[in-house]
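Novice: Now for the letters of each chain:
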Amino acid sequence: MGIASLGTTSRGRTLPEAFAGAAELIQGIGVALVTTVDGTGIMHTRQLPNINTGYDDDLWFLANGTSPLISDLYNHPEVVVTFADRGNGRFIVANGTGRVLKDPARVKQLWHPVLASWLPGGPDDPELALIRVETRCVDLWDYRSDAAKPPAGARG
Amino acid sequence: MTTTPSLPATAILSVADRARSTPKRRRSRAATWRWLVHNVRVALHAGAEEDHALHHWPEVLRELIHRAGVALVTTRDGDGRLHTQPMAPVKREFDGEIWFPVTAAMPLVDHLLGRPEIQVTYLDPDSSHRCVVVDGIARVFEAPADADARWRDRFAIWRSPVPRAEGPAYVRVDVMCADVWE
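Chains A and B are the protein sequences, given in the same order. Residues 872 to 1027 (the numbering used here) are what the first sequence spells out, left to right. Residues 678 to 859 (the numbering used here) are what the second sequence spells out, left to right.
Among the hints, a few may not be true.
[Stated by the list, open to error] Interface residues of chain B toward chain A, partial, derived using beta-carbon atoms under 10 angstroms:
#1 H743
#2 R758
#3 S804
[What the hints assert, rightly or not] Non-contacting residues of chain B with respect to chain A, defined by C-beta distances greater than 12 angstroms in every case (computed):
#4 W734
#5 P735
#6 E770
#7 W776
#8 V811
#9 D812
#10 F818
#11 D856
Bear in mind the hints are in silico, worked out from the structure with no lab data behind them. We treat Cβ as the ideally placed atom computed from N, Cα and C, and that holds for glycine.
With the sequences and hints as input, model every part of the structure.
Specialist: Given below as structure tokens:
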């Protein structure tokens, strides 16, 4: 048992070897954790349905345009997205900038029937907001790993 | 049980003032349950630190925290950027405090000394979408010098022994509110 940092990458770079299974990990995850900061500096973590099907420098999310998440992003676009593979103890933590976009064509392309329970208005809901997270730096963490490497943080 | 190093009264007051100036979080519709610890602020202000242990934490919250071996810890650095990393809390009965073994060299400690607000997310290992999000105020304590055996044991989570020189320390989170998400 232990916590280990398996690797870090940043936007535009070729993925390190450790990220080989990252696409499958992201694809297999139903809900992502999205953390933002509101206008008073308080952090908020919410669960959003995951519509990303692989590893990319941009992550996409659909959310209700009236939710506090959207106003948080307008005030302070800094965002952290965490994909947690609970069964295997793997975590992908992506830091980046969240932009709220209006792009009905893209929404239709990203829409999946499973989203209907989260967003009952459907893909044509005028309140629907499209979020693009432009990642800056992405960490891959492992819990329960036998890797003898201490986490990046512990090395200072 | 973990020993709590004593803090000067001024430090306690400054934490309480910060907590008092923090506006109440908006209630989110998706949160199934949420608990606000009203008495933490009062207890801290009065210097009665242990009072909030008396708060009745709902069983569902304590049970989930107990089962989740790992927690995601989110802090903000000096530039206001968010940082999230998995951490292993000290195994203990949940009483409104969460303890993490750290080293003084970790960036996380720097973040907390600048901005003590911390968010701790526990993921239910037996569910794909259940989690507890806990907000609190963090303080950093040096590991007691006479507790070598204990801290060695707890720091074993980092897989390699933490040398004394790196400054073994604890982060203590005083929980202010908790949301359970389904």
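Novice: Taking the hints in turn, state whether each one holds.
Specialist: Hint check:
Violation of the interface hint for H743(B) is found here, the shortest Cβ-Cβ separation to chain A being roughly 16 angstroms, above the 10 angstroms cut-off. Taking 10 angstroms as the C-beta contact cut-off toward chain A, the hint placing R758(B) at the interface holds, the least distance being around 6 angstroms. Against a cut-off of 10 angstroms between C-beta atoms, the interface hint on S804(B) holds, since the closest Cβ of chain A lies about 8 angstroms away. Annotated as non-interface, W734(B) keeps its C-beta farther than 12 angstroms from every C-beta of chain A; the closest such distance is 20 angstroms.
The claim that P735(B) lies off the interface holds: its Cβ sits roughly 19 angstroms from the closest Cβ of chain A, which is beyond the 12 angstroms cut-off. Under the 12 angstroms C-beta cut-off, the non-interface status given to E770(B) relative to chain A holds; the minimum distance is some 20 angstroms. Listed as outside the interface, W776(B) is consistent with that label: its C-beta sits roughly 15 angstroms from the nearest C-beta of chain A, beyond the 12 angstroms cut-off. Interface exclusion of V811(B) from chain A breaks down, the closest Cβ pair being 10 angstroms apart, not more than 12 angstroms.
For D812(B), the condition that its CB be more than 12 angstroms from all CB atoms of chain A is violated, with the nearest at approximately 7 angstroms. Interface exclusion of F818(B) from chain A stands, the closest Cβ pair being 17 angstroms apart, more than 12 angstroms. Consistency note on D856(B): stated as away from chain A, yet its beta-carbon is not over 12 angstroms from all of that chain's, at 8 angstroms minimum.
Violated hints, in rising order: 1, 8, 9 and 11; the structure is consistent with all others.
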